[in-house]
Every structure is written in C-alpha cells, then in structure tokens.
Amino acid sequence: MLEEMLKNVREKSPLIHNITNYVTVNDCANVVLACGASPIMADDQKEVAEITSICTGLNINIGTLNTRTIESMVIAGKKANELHHPVVLDPVGVGASTLRTQTALKLLKEIQFSVIRGNISEIKTLALGSGTTKGVDANLADKVTAENIHEVVSFAQEFSKKTGAVIAITGAIDLVCNENITYAIYNGHEMMSSITGTGCQLSALTASFISANPDYLLESTVAAVCTMGLAGEIAHERLTPLDGNASYRNYIIDAIYNMTPKQLQEGSQYKKI
Amino acid sequence: MLEEMLKNVREKSPLIHNITNYVTVNDCANVVLACGASPIMADDQKEVAEITSICTGLNINIGTLNTRTIESMVIAGKKANELHHPVVLDPVGVGASTLRTQTALKLLKEIQFSVIRGNISEIKTLALGSGTTKGVDANLADKVTAENIHEVVSFAQEFSKKTGAVIAITGAIDLVCNENITYAIYNGHEMMSSITGTGCQLSALTASFISANPDYLLESTVAAVCTMGLAGEIAHERLTPLDGNASYRNYIIDAIYNMTPKQLQEGSQYKKI
Amino acid sequence: MLEEMLKNVREKSPLIHNITNYVTVNDCANVVLACGASPIMADDQKEVAEITSICTGLNINIGTLNTRTIESMVIAGKKANELHHPVVLDPVGVGASTLRTQTALKLLKEIQFSVIRGNISEIKTLALGSGTTKGVDANLADKVTAENIHEVVSFAQEFSKKTGAVIAITGAIDLVCNENITYAIYNGHEMMSSITGTGCQLSALTASFISANPDYLLESTVAAVCTMGLAGEIAHERLTPLDGNASYRNYIIDAIYNMTPKQLQEGSQYKKI
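As given, the protein sequences belong to chains A, B and C, one line each in that order. Just so we're aligned, residue 432 is where the first sequence starts under the working numbering, counting upward by one. Just so we're aligned, residue 432 is where the second sequence starts under the working numbering, counting upward by one. Just so we're aligned, residue 432 is where the third sequence starts under the working numbering, counting upward by one.
Hints are all accurate, no fakes.
Copies of the same chain look alike in the list, so a pair counts if it fits in one copy or across any two.
In the DSSO-like style, the derived pairs of lysine-lysine whose C-alpha atoms are separated by at most 27 Å in a straight line are: (1) Lys477 - Lys509; (2) Lys438 - Lys574; (3) Lys592 - Lys703; (4) Lys574 - Lys443; (5) Lys593 - Lys703; (6) Lys702 - Lys593; (7) Lys592 - Lys574; (8) Lys540 - Lys592; (9) Lys509 - Lys537; (10) Lys509 - Lys443; (11) Lys537 - Lys477; (12) Lys477 - Lys540; (13) Lys574 - Lys702; (14) Lys438 - Lys703; (15) Lys509 - Lys540; (16) Lys537 - Lys593.
In case anyone wonders, no lab produced these hints; they're calculated from the structure. Everything numeric in this text was worked out from a predicted model, so none of it was measured.
Just chain A, with the same shape it has in the complex:
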C-alpha cells in the first residue's frame, strides 16, 4: 500500500503551498523537495488565495503565528476548501497561549481540514478546547503508552468524527486514524526530538503525500508518518560518534531523498489496531 503512495508523490510532484513558521521553514521546503514534491511559501493576505489556487495542497502551521498571517491562513484554507484541495493543520504549541488556542479553534471552525497532525498534548488541547501543552513538546503526563493506547485511540477517532479529518498523533508510538480505523506506527527514533521541527517537517511531508493521493487520505498519511520515522531510523544508523543533532537533521532529509518505494514498504512498521 505505502509503496504506491510514495510512487505517486514522485510521479505527480504536487506543488504544496505552505504557510508556516520561520523557525523550521527551510527544512520543511527541503523535505517537500526530498520526497519529490515542490514547495512554495507565501503568507501575504493579498496573494495566498491565488497561490493556493495554483497548488495541489495546503499546509498550515501555526508555529510563529501573528495577526497578519492568521488572516492569511483563513483565506488560504477557505480557498483550498472551495477548490477541494487537501489541507493539513499543524497546531504547533496550541495550549501554550490563548492566541494559539483561539487561532487553532478558529481555523478548525472555518476550514475543513483533511489531516490534523500534532503531538498528543496539542491534539488533546484542540479536542478539549484547552490544554496542558508545555511549550512545543508533549507533556509527559499525556504520553501514549501500551497501557493507555486504547483510550487514546477512541479519543482520536471521536475527534476525527467531529472534525471530519484524519488525525495523526505523533510521538514514541504514532497513531493515525479516521473515525473508524486506526493505524499504530512504530517507526522513528527518540533522538528525533533533539532536532527542531521534525513535527513541522512531517506535516509538510503529509501535505505532499495526501496531495498526490487525495483518494487515500488515511493511507497516505500513514505513508508520510512511516517515511519520516523510517528516515529517522536510517539516518540514526548513519551517525558517527562525532555527529549530533545538526548532522542528524541533514541525514534524515537525505534519507527521505533517497527513500525508494520498496524501502518504505519493507521498512515500515505499522498495524491496524
């Protein structure tokens, strides 16, 4: 299944409109290129509708949101909905400030998202309308474990039902679900959390995958999550004793660039739960 998803990204090379933060934007652009898609970043209210119109998909990330760009997100999201383009929401740090929470809830209300991707604390905040987010990392108390996984799954499926979006909760174990089906994904490496923006990169990657596979939102999101996690594993094996998080960042993007559909198919560790 995943094999085809990556093949389609490389063959169709969808153009992805990103309204994202200035911290990890360069890595997001290079990740989109690495998987075979093409990025464009544009956030001015006067051009976002037009830019979205020439693209195949839209990725909205609230990482360094501000009053100017929030309005741009709404305009672009509505235009993408009108054109039936897939739209990803990455609610970075939602719950860490009232502005982030209100913005994310406003976006949820005004835009139909195809996929919502965040860590467990962010998704909980979105679903409950207030949260326990500490900064941009997941709160330890929220961690998905073998013990609470079924509880998290039913909560995520409920949220999927409410929003009509595929929900991707990423962490040590990743969960991707729609309202009926959930996949658990076991790829990845804990050192990925020592790099800024692996979550943002995954959201940009997800936008690329679902734009090339619009009829398979759930499966292509699983493919994107597996690609990122597997790249994290491949890159980790490549580390020498002198390498740290900066080289690891580069190696992960390199691994996505070099990933073949066959490699993805064979290296992915996921199952329906």
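Position chains B and C relative to chain A; hints supplied.
Chains B and C only, in chain A's frame:
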C-alpha cells in the same frame, strides 16, 4: 577574467544588504560569507535606508514578500540608486500571483537594477508584464534549449536594453547578457533544483560579486553564475550513496567557501554566443 | 565549576523563550536543543507574555527587528522581570541604524537584563549611546588585544555596574564580567566568524545556561561562552579539506550536542583577570 572577480570579493569583503525571504535567508547569509563578503539582513522601513548606506551592495528578493517589506524594498532600492550602489533583483515566483507581478513591476519602475536574476519563466513574466510561472520553478514550456537559445538571447538582450540591467537567466543552460553581449554558462548540476533556494543563493552571491567589481557588472555576474554552478559540480562529486539534498546543500556552500580563483578560472565553462 | 553548569542544563532542561531574527533562528533552536534545553519561538504581542510565563528564561535578539516585534520584546521582557526569569539581550548590529540603537537603548531602559552579549562594537555602542558598528561584525578599530584588554575590562565592568547585567563581549578573546570580577576566555576558532549567527547561537546558549543556573549568572555565562568556543575548536579539528563554513556550522552544533561536562571542564581555557 573570472579569477580577478573572485579575488576582488575576497579582498574587498563587501558588506551586502539583503532584503530577502525567510525560507532561504540563512543559506543566503552563509553563501555571502562563503565567497568572502559579509551579509546584513534588515527589512524594517525605518532602517533600510541607513543600512543600505553603510553597505556596498543591495540584494532584493521577493520570495516571501508582504506589504510591510515591499515598501522597505522600494526605500532601500532608491537609496542604493542615489548612492550608486549595485542592486540585484530576484523576482521569485513572479507571475504566480498578482501581488508578485505588480510588486516586481513596481520595483522595476522605481529602482534602477544592476542585475536581474531569475529562471526563464520569471524573466519572461517580468518582460511581458504577465506570465506562465508555476510556483517558484520554471515552466517546462519555457525551457532554454539548443533550439530556442538564440530566440531567448535576443529576448534577453532586448529586456536588458529596456531595463539597463544585466539579465541572468538561470536553468540547465545559464544566460547572462547586457544589451549587446551574451554569455552562455554550462556549469551546474540538475540535482541543484532539489535544494530550496539555490536561485536565492545565487542572487546573494551575485550581489557580492558585482559589489566587489562594480565596473564589470556583466563579467562579475558571469563569475558569480560560474561559481555557483561549479560549486554544484564539485559538491555533487563529493556525494556518497547515503547523501541527499540536505548534505548537497551544505557541500555546495562548502565548495564556494573553498573555491580558489584558479579553480574557478579552470572549472568555468562559458562562452560568448 | 563549569562542569556543574552544563550538568544542570541537561538535568533541568529549561524551556527558553526566544524572540529572535529570522536569519539564524533555526540554528538557535538546534543549539538550545543540543545543550539539553528546549526552545520556543513566539513574537506576537498577544502571546509573548503568556509564552514567557511558561518558560524559565528569555532571549531577546534584535537581528531583524521590526516595529511589530520591538513591542513584543518590551512586553516579554517586562513579564520576565516580573517573574524573576533570567533575560539575555543580544543587540545585533546596534549602531548600524538609528532604529537599532534606539531600540536597544529602549530595551535597556525598560527591562532589567541578566546578561548582555555582543561584540565589542555593539557593547561600546550600547554603553556610549552611539557607535562605530559596521554591519553585524565588530569594527577592527575596536578589537580587544593584549594591549587594550585592561582598558576594555574596566569599561565593561563599569557598564555592568550601570546596567546590573553580566556583560559578555565576544571576539578573539572573550570577556565576561560583572561589576567586580572579569573572566577572559581563550576558547574558539577564527573560522567561527565565517558562519552566520554564531553570536546569536551563543546568546541562545547563554539563556539556556543561566536559566538552569539562575544563582550563578556570571559563572554560567562563562560556561556558555566556553561551551561555544570549545565546540568551535572540536568542530574545527573535524573538518576535512572539502568542508567549509556550512559543514562547520553543523559540526559546531554537533559538538555541543555531544559535549560532556567533563569535556567542558577539561577543555575550557579561562581565567580571572
């Protein structure tokens, strides 16, 4: 010829004012440093005239333009003209939105540029006032080939005559011309298009070269284009099977850092056409 | 002494709020992660007070300041003061424009900083209210040498007394002082100046160190400066003939990631003067 151009950059170490996008800005700064010049980024309307005044050259890139920074571009450009500083325009994605097209045309009208650098679709849009740009990459239909090269050359020379600027059209074959003379440059590697911002980097590099060689705008632009292309070749030879676009990005900047005038002279592949 | 400082960063993993420029922000985030702390970037006036409240320390960098973010810096700084959080000021390019000078002086007036870190030209400008800054690099005439070091020390201690902040003047020789005690630090490598943002990175690192060691502002600032300089040395030894400033950038962050307290203790070259 090119040997001297690079020598001058390293000896004079010109300070370059960049008003550029937030996607590739870090790479632009490191490329300016790699070639021996010094970067400063500043985009507030209240300071751009002063910043330009202490610099030797100005690089304007509309990659993630917004209402606030467009005005800053105009102010800085006019001040640079007043001081007879060289100014580069990189019309990223012009034609992809009305805002980009109108902004680029406004900049062309209000500022005398020394060099305008873009892909063929961007330059066509600028020259014709409307275009076929798809995102930030050149439209395939616009591609410069052995068959249409003379047509493109006469169009580019015409545009140079109209604007008074050296025109640099970069792609598989690069063309650099003023109204009378055109150089074709054959350096580079196709994998460079898998990295975000090699175009932006080249514009920042060009600003560095022309600022150190203000009496040789055409030749120093050729030198900058050759430096970037040759760095792309050297970096490509260095790639191991596990390397991808992220490592390639670093290796290109590394190659610029290590490039000697002799190496540039010997590795450049260009001719008057 | 320094051993404990780094241990505390790794153990406490303080969350650091950064209001910084879009040029080097990604490297700042990765450096904060590399040393064991956690970064969050947020610059909208509506959220900076809340974001600072959930953090342990604040890092203010005026690298690409604009009217919108200047106000955010003031709000965040006042909130941090109210909560007794350590605050770092990095007055990038102060003296290069009236806006930068006025902003830095305004920040100094309204916020009590814990540490002010800059090159000698920037610190002189701050102390004197006007300056000789050429761009973002130190003016050669200002260079700290064996001959003028005692003069610089008494000037820096005077400025520390006036501001109540630890002063860190970084260059070939680094000086870190409060009003009574000065340390000179001899770590580092001249090639570090060929990378954009090593100064910004050091400020983010300093915010991490002082936030984990709030009762030892002077000593933890020395530890941060030694960490950065030692990482520059370790990374330089790792360079191959093909490596340049881009790889060096990655290797420095890698070296911070891998630095052990013992390595820092043994590799640091500093003395009270």
